[in-house]
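> So the chains spell out like this:
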Amino acid sequence: MTAAARRSALPGFIPTLGIALLWLSLIVLLPLATLAVRPWELGIAGVWHSITEPRVLAALRLSFGAAALAAAVNVPIGLLIAWVMVRYRFPGRSLADSLIDMPLALPTAVAGIALTALFAPGGWIGALLAPLGIKVAYTPLGILIALIFVGLPFVVRTLEPVIMDLSTDAEEAAATLGASRAQTLWRVVLPALGPSLLAGFGAALARGVGEYGSVIFIAGNMPMISEIAPLLIVIRLEQFDYAGAAALGLVMLLASFGILLLLNLLQRHIAGRAR
Amino acid sequence: MRITLIAATILLLIVLLLLPLAVVFAEALSHGLGAALATFGDPDAISAIELTLIIAAVNVPLNTLCGLAAAWCIGRFRFRGRSLLITLIELPFSVSPVISGLVWVLLFGANGWFGPILERAGMRIIFAVPGLILATAFVTFPFVARTLIPLMQEQGASEEEAALTLGATGWQTFWRVTLPNIRWGLLYGVLLCNARAMGEFGAVAVVSGHVRGQTMTMPLQVEALFNDYDWVGAFTIAALLSLLALVTLAVKALLEWRIGERGGALL
Chain A
81 MTAAARRSAL PGFIPTLGIA LLWLSLIVLL PLATLAVRPW ELGIAGVWHS
131 ITEPRVLAAL RLSFGAAALA AAVNVPIGLL IAWVMVRYRF PGRSLADSLI
181 DMPLALPTAV AGIALTALFA PGGWIGALLA PLGIKVAYTP LGILIALIFV
231 GLPFVVRTLE PVIMDLSTDA EEAAATLGAS RAQTLWRVVL PALGPSLLAG
281 FGAALARGVG EYGSVIFIAG NMPMISEIAP LLIVIRLEQF DYAGAAALGL
331 VMLLASFGIL LLLNLLQRHI AGRAR
Chain B
3 MRITLIAATI LLLIVLLLLP LAVVFAEALS HGLGAALATF GDPDAISAIE
53 LTLIIAAVNV PLNTLCGLAA AWCIGRFRFR GRSLLITLIE LPFSVSPVIS
103 GLVWVLLFGA NGWFGPILER AGMRIIFAVP GLILATAFVT FPFVARTLIP
153 LMQEQGASEE EAALTLGATG WQTFWRVTLP NIRWGLLYGV LLCNARAMGE
203 FGAVAVVSGH VRGQTMTMPL QVEALFNDYD WVGAFTIAAL LSLLALVTLA
253 VKALLEWRIG ERGGALL
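Going line by line, the protein sequences match chains A and B. If you want this note's numbering, it's the position in the first sequence, counting the first as 1, plus 80. If you want this note's numbering, it's the position in the second sequence, counting the first as 1, plus 2.
In short, the hints are calculated from the structure, not lab data. There's no promise every hint is true.
[As the list claims (entries may be wrong)] Selected chain A positions facing chain B (Cβ under 7 Å, derived; list incomplete):
no., residue
1, 88
2, 104
3, 164
4, 170
5, 179
6, 188
7, 197
8, 200
9, 210
10, 310
11, 325
Ideal Cβ placement from N, Cα and C applies to all residues, glycine included.
I would like the entire structure built from these sequences, with the hints used as guidance.
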């Protein structure tokens with residue numbers, strides 16, 4: 081490898097790099113390569129046709145739309161929770177801190193049936209919403225709830241270290257100069273948090289787009305209405321339409337990387353302007 | 003103001019995060035403890051638990067070894083392509099679980115690249131246990147490496163260099179210096195890897211084929227029972243998985259406290 085690597089006094093560079101590369105190639109890169117290659121068995125026109133079917137477009141719109149909406153809902157909720165967790169000490173705080181990671185630790189299938197039970201018409205929350213005429217389970221609203229659940233820790237955990245580093249000096253100075261609490265929040269705190277709010281939004285969005293287990297139980301899975309894109313991949317595989325499944329998988333992967341890249345650039349732009 | 007914010011936070015946490023957990027146990031016990039425990043009289047449930055343990059038992063040690071190797075070369079050396087390697091290691095985190103299963107079907111399924119060869123050799127990967135292990139390997143890939151790389155970078159190589167100068171061999175340095183320094187971080191990565199290996203749903207759902215008593219892991223068994231309208235059964239196995247999640251969170255809190263106490267990097 082490079083001169084710098086060879087100059088280190090420590091042994092074991094070549095074997096450990098070898099193991100890491102071999103393992104990465106076999107478990108991640110080779111399988112992902114199939115995703116880039118197999119769709120083209122259909123030909124360019126065939127791929128285009130396969131990803132622009134009305135049912136596919138509806139599923140992609142739903143997956144990306146619901147993930148974006150859920151991430152947007154999670155930004156203010158996550159900001160509030162992160163703010164309280166960093167700035168205040170209260171009884172049960174460490175318990176609350178562990179609870180925030182619950183959606184990451186709980187298997188998605190468990191989250192899926194739990195949310196379905198909660199929001200079904202006879203469930204604890206569903207029964208409260210039914211008299212108001214609000215149906216959550218087996219509708220797109222249920223998908224939104226599931227994605228809010230799985231995305232929340234990403235926003236909170238992205239914001240916490242940034243709020244921790246935020247010095248209170250600027251806030252105190254603003255208050256001393258006569259700013260109201262709302263003005264301080266709007267003019268001092270939010271601009272400083274801007275890039276990380278965007279980063280948290282992006283992380284929650286990326287998770288939501290591909291989410292499967294927590295969604296399919298509560299979604300109802302009606303084609304054109306509440307059928308998410310990952311489910312459509314599963315359906316295509318069940319019909320042995322491997323190339324069609326791969327085409328849809330490739331589109332999803334490229335679209336989410338594209339969105340993440342865009343958010344990353346936007347984040348840098350905001351951070352650059354703030355400085 | 004302060005009280006309002008804290009109250010709002012606690013209320014949000016209870017409604018969004020605690021209620022879904024509570025409802026799992028409530029539904030499991032809705033017909034009494036006996037009905038819940040009867041779930042484990044079903045041989046399919048026992049086989050699902052065994053399969054889940056087997057998948058974790060194969061994947062966790064493999065992931066630990068390879069994660070340690072990756073962390074050693076990335077955390078202790080500078081070389082061209084280093085940041086690209088980090089990005090690629092973290093790649094599986096941004097791939098949908100369904101796609102993580104799909105890629106293995108594209109490789110080894112009946113219409114896959116290696117499907118015909120496997121069929122002639124009389125081997126099965128997809129709709130069989132090896133496929134479940136491979137799909138789980140893909141989704142758990144980043145855990146150990148990702149936990150160790152920042153930790154090892156922060157600690158620096160000076161202690162290891164000192165050990166080598168004093169005449170220790172490479173292996174002695176690793177066992178006596180590196181491993182004790184990173185042990186809590188390593189355990190943290192192993193813990194998260196294990197939780198994901200046991201709880202994964204989307205990736206294994208794609209490669210499983212859903213053969214009851216043979217290729218069903220616990221999360222897949224939950225789905226099957228739920229679709230059979232066996233709510234008590236589904237929620238009982240879900241409760242077992244929830245207990246696993248609770249233990250994971252408790253140990254995680256303990257480890258974060260240990261890592262924080264040593265002044266090392268938190269995640």
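> Is the interface hint satisfied for residue 210 of chain A? The criterion is a beta-carbon contact with chain B at less than 7 Å.
violated, 16 Å
> Hey, does the residue 325 of chain A contact hint survive, CB to chain B under 7 Å?
At about 6 Å, which falls below the 7 Å cut-off, the nearest Cβ of chain B leaves the hint on residue 325 of chain A intact, so it holds.
> Given residue 179 of chain A was flagged as interface, is its beta-carbon under 7 Å from a beta-carbon of chain B?
With Cβ-Cβ at 5 Å, under 7 Å, it holds.
> Does residue 200 of chain A pass the interface hint, meaning its C-beta sits closer than 7 Å to a C-beta of chain B?
violated, 10 Å
> Using Cβ atoms only, decide whether residue 197 of chain A comes closer than 7 Å to chain B, and label the hint accordingly.
At 5 Å from the nearest chain B Cβ, residue 197 of chain A passes the 7 Å test, so the hint holds.
> Should the interface hint for residue 164 of chain A be scored as holding, given a Cβ-Cβ cut-off of 7 Å against chain B?
holds, 4 Å
> Grab the minimum C-beta distance from residue 170 of chain A to chain B and call the hint holds if it beats 7 Å, violated otherwise.
Residue 170 of chain A check passes; min Cβ-Cβ to chain B is 5 Å, inside 7 Å.
> Should the hint that residue 188 of chain A touches chain B count as held when the rule is a Cβ pair under 7 Å?
With a closest approach of 5 Å, the residue 188 of chain A hint holds.
> Taking 7 Å as the limit, does the beta-carbon of residue 310 of chain A come near enough to a beta-carbon in chain B?
Given a least distance of 4 Å, the restraint on residue 310 of chain A holds.
> How about residue 104 of chain A: closest beta carbon in chain B under 7 Å, or not?
holds, 6 Å
> Does residue 88 of chain A hold up as a contact with chain B if the rule is Cβ-Cβ below 7 Å?
OK, holds: residue 88 of chain A within 7 Å of chain B, min 5 Å.
Violated hints, listed in ascending order, are 8 and 9; each of the other numbered hints is respected by the structure.
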